[in-house]
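A.B. asks: Each chain, written out:
There are 2 protein chains.
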Amino acid sequence: MILRPARRLEGIERTLIRRIFDAAPPGAINLGLGQPDLPTPPPMALAGVSAIVEGRTGYTSTAGDPELRAAVAERYPGVASGADNVVITVGSQEGIFLACLAMLDSGSEMLYPEPGYPAYPMVARLVGAKPVPYPLRADGGFSLRAEDIERRLTLRTGAVILSAPSNPTGAGHKTPELERLLSVLRSRNVPWISDEVYAAITYDDRGASPGEISPEGGLVISGLSKEMSMTGWRVGWVVGPQAILSRIVAAQQYIVTCASSVSQRAALAAFTSEGRAYGKRYLARLLERRSLMALELSEIPNVRFAVPHGGFYFFADVSAYGSALETARRILERANVITIPGPAFGAGAEGYLRLSFAASEQDIVHGVRRIRRELTGP
Amino acid sequence: MILRPARRLEGIERTLIRRIFDAAPPGAINLGLGQPDLPTPPPMALAGVSAIVEGRTGYTSTAGDPELRAAVAERYPGVASGADNVVITVGSQEGIFLACLAMLDSGSEMLYPEPGYPAYPMVARLVGAKPVPYPLRADGGFSLRAEDIERRLTLRTGAVILSAPSNPTGAGHKTPELERLLSVLRSRNVPWISDEVYAAITYDDRGASPGEISPEGGLVISGLSKEMSMTGWRVGWVVGPQAILSRIVAAQQYIVTCASSVSQRAALAAFTSEGRAYGKRYLARLLERRSLMALELSEIPNVRFAVPHGGFYFFADVSAYGSALETARRILERANVITIPGPAFGAGAEGYLRLSFAASEQDIVHGVRRIRRELTGP
Chain A
1 MILRPARRLE GIERTLIRRI FDAAPPGAIN LGLGQPDLPT PPPMALAGVS AIVEGRTGYT
61 STAGDPELRA AVAERYPGVA SGADNVVITV GSQEGIFLAC LAMLDSGSEM LYPEPGYPAY
121 PMVARLVGAK PVPYPLRADG GFSLRAEDIE RRLTLRTGAV ILSAPSNPTG AGHKTPELER
181 LLSVLRSRNV PWISDEVYAA ITYDDRGASP GEISPEGGLV ISGLSKEMSM TGWRVGWVVG
241 PQAILSRIVA AQQYIVTCAS SVSQRAALAA FTSEGRAYGK RYLARLLERR SLMALELSEI
301 PNVRFAVPHG GFYFFADVSA YGSALETARR ILERANVITI PGPAFGAGAE GYLRLSFAAS
361 EQDIVHGVRR IRRELTGP
Chain G
1 MILRPARRLE GIERTLIRRI FDAAPPGAIN LGLGQPDLPT PPPMALAGVS AIVEGRTGYT
61 STAGDPELRA AVAERYPGVA SGADNVVITV GSQEGIFLAC LAMLDSGSEM LYPEPGYPAY
121 PMVARLVGAK PVPYPLRADG GFSLRAEDIE RRLTLRTGAV ILSAPSNPTG AGHKTPELER
181 LLSVLRSRNV PWISDEVYAA ITYDDRGASP GEISPEGGLV ISGLSKEMSM TGWRVGWVVG
241 PQAILSRIVA AQQYIVTCAS SVSQRAALAA FTSEGRAYGK RYLARLLERR SLMALELSEI
301 PNVRFAVPHG GFYFFADVSA YGSALETARR ILERANVITI PGPAFGAGAE GYLRLSFAAS
361 EQDIVHGVRR IRRELTGP
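Protein sequences, first through last, are from chains A and G.
Reading the first sequence from the start, the letters are residues 1 to 378 in my numbering.
Reading the second sequence from the start, the letters are residues 1 to 378 in my numbering.
Derived from the structure by calculation, the hints contain no laboratory data.
In this text, all values refer to a predicted model and were calculated from it rather than measured experimentally.
Positions of the beta carbon are idealized from the N, C-alpha and C atoms, including for glycine.
Some clues are possibly wrong.
To be verified - One side only, chain G facing chain A, incomplete, derived with CB under 8 Å:
1. A119
2. L126
3. S183
Stated by the list, open to error - Taking CB as the label site, the calculated pair distances span:
4. E54(G) <-> T154(A): 47 to 57 Å
5. V53(A) <-> G55(G): 10 to 20 Å
6. A306(A) <-> G55(G): 26 to 36 Å
7. T272(G) <-> S50(A): 16 to 26 Å
8. E216(A) <-> H366(G): 44 to 54 Å
All chains should be built: construct the whole structure from the sequences, respecting the hints.
C.D. replies: Dropping the structure here:
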């Protein structure tokens, strides 16, 4: 007997990124990283140990540890007035899934950015919605244009995914465009889902955020994975109006019950002054690495890039050297450096490579130099 | 602007069990527990601490830690030949959700036991399937009858949920009935989903298991929460044929990414000889508590019960004292003891109370005596 998969799994595949990692030779320099190479900071690690020692190993409430929810709420003064506006999730990934499950009817359309995080269209399909891409344009620095989204709204649009700083481009929202978009969405009664998992990693201007402009109009998704180097702990959150959050909590009971109790206590330490201080140190470290990678990349002729506003990726135009997929493969096979080709993030990214600077200084320098030698010859 | 929930959330509510807990007065004796009051055993706790100290705090592969998958596979020699037959999930709850998401098409029917774990029909609704209950009959000791399921199979049946030992009744499957059922399901090409989260907690005969009889015909769901007192760590698994599991892994990437890396290392220790020894000690402890609760319950006139085959609940017929809901409320409000009324588990359980013996010996004795005094008068 063969177990037939449900139709909704058609086209649900591991991302190209995962497949590149799995096929990478051992010893490769990894500039494909989606997580910092830095350890989880001591305050959070110790809080995790304490949680175990103190026996905090039973279920938390479905919505999450009340102290953690209250701490998260304080980060979003415009959106959250307290713990009731926060649900703790299994990383921001479960936050995105829950938000889509809770707001997208089967058959409705979900608008998402392209290039963008490849999970968005997959999540839409898993909940029976139709993913509809909207373009982020290279000539606009990959920042959203309200018009590009507005033109794609239909009576069946169930939600619009917004993402800043963007993975892979590092772009933020520009306030006038975002204000214009949110005003349209409000008038059309279409909610936004704002993926802000890189929001704490911004280097200059924080950029505009949907929650501050239209606090009742959607859900904010984020987590500690990237900013605190806590990817494996799996702690994220959804922040938004209480009425929809209470429905999300009810659904979460039947999907994961709750996030790990140990991880939630570790996460709480990120909101103490010690935890925050580490967040600042890590951000400073990433800022140095950004400068380092910019310097090294600028040494490669005919590679064009913008220094990213946030996140920890350069999105570099290498089209002078051929297609992105071929270039990434050539760099991997002959220079032993992992990079992610633009098409992994959807249309509009042909000719680009994503290069992570969440790697060690040594890997950044050696990795980019190897790429240079491979592309330009000895 | 009001964020409208998707239609699939209609009727998705917190369970009656959760609501009873939330409304319970402080200081109540809790015989409603769904988790042992015992701590996570030291080998697993220490392994969790080591994982943190060693910095195992990044993503694991989506399918889970390969060592843990291999260890789980060894527990299911008939079903799994190795790690590729195992996906590590965020508790058995996510296992049930993934199994339903992966096998139930929108609009298909899912058969589930009543009385049974209240999450089954909720999960079906969340994935757009129609939950169809099949009865477990008190006069058959709440064990499944193949005929009761067979009669409810239609061309739209997408899967049948099986559960043993049952929450709330403690009943196991009887081999002849299970064999007959699985033969029918095979011939009709209908997969089973076997919830075995209490399978390691059996006191005499282990009972028949679907995976041993029809290894290619479905998915086994389990986890460490109950048997190792690890509910808060959130580690479970799905075991089954590789073809469908690879699709489940792809879906898991977009729901939770992976289970907590720290929790997965803690879980691995449960499969060492030290970990297993604790499992046996905990089982022996529960066995004593089962005897203790049986003794105390037998002192209440007109309360009828079967000693449970597995799990850690008595499902006692208290119909001589009125409706289950009224009796549970009366016991809570006047005797300050939490119990779960049968109707929390669906139809066919009117007149019953679920009493957990995953509580301390003292709570078992005092709790049941308080119930006796309340029901029979001073």
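A.B. asks: If a hint holds in the structure, say so; if it doesn't, say that too.
C.D. replies: Verification of the supplied hints:
Below 8 Å, beta-carbon pairs count as interface contacts, and A119(G) has one with chain A at about 5 Å; its hint therefore holds. Contact between L126(G) and chain A, as hinted, is supported at the beta carbon level, the nearest pair being about 6 Å apart and thus within 8 Å. About 11 Å separates the beta-carbon of S183(G) from the nearest beta-carbon of chain A, more than 8 Å, and the hint is not met. E54(G) and T154(A) have their C-beta atoms about 51 Å apart, which keeps the hinted 47 to 57 Å range intact.
Between V53(A) and G55(G) the C-beta distance comes to about 18 Å, which sits within the given range of 10 to 20 Å. Taking the beta carbon of each, A306(A) and G55(G) are about 33 Å apart, inside 26 to 36 Å as hinted. Roughly 24 Å separates the CB atoms of T272(G) and S50(A), a value that falls within the hinted 16 to 26 Å. The beta-carbon spacing between E216(A) and H366(G), approximately 49 Å, falls within the hinted interval of 44 to 54 Å.
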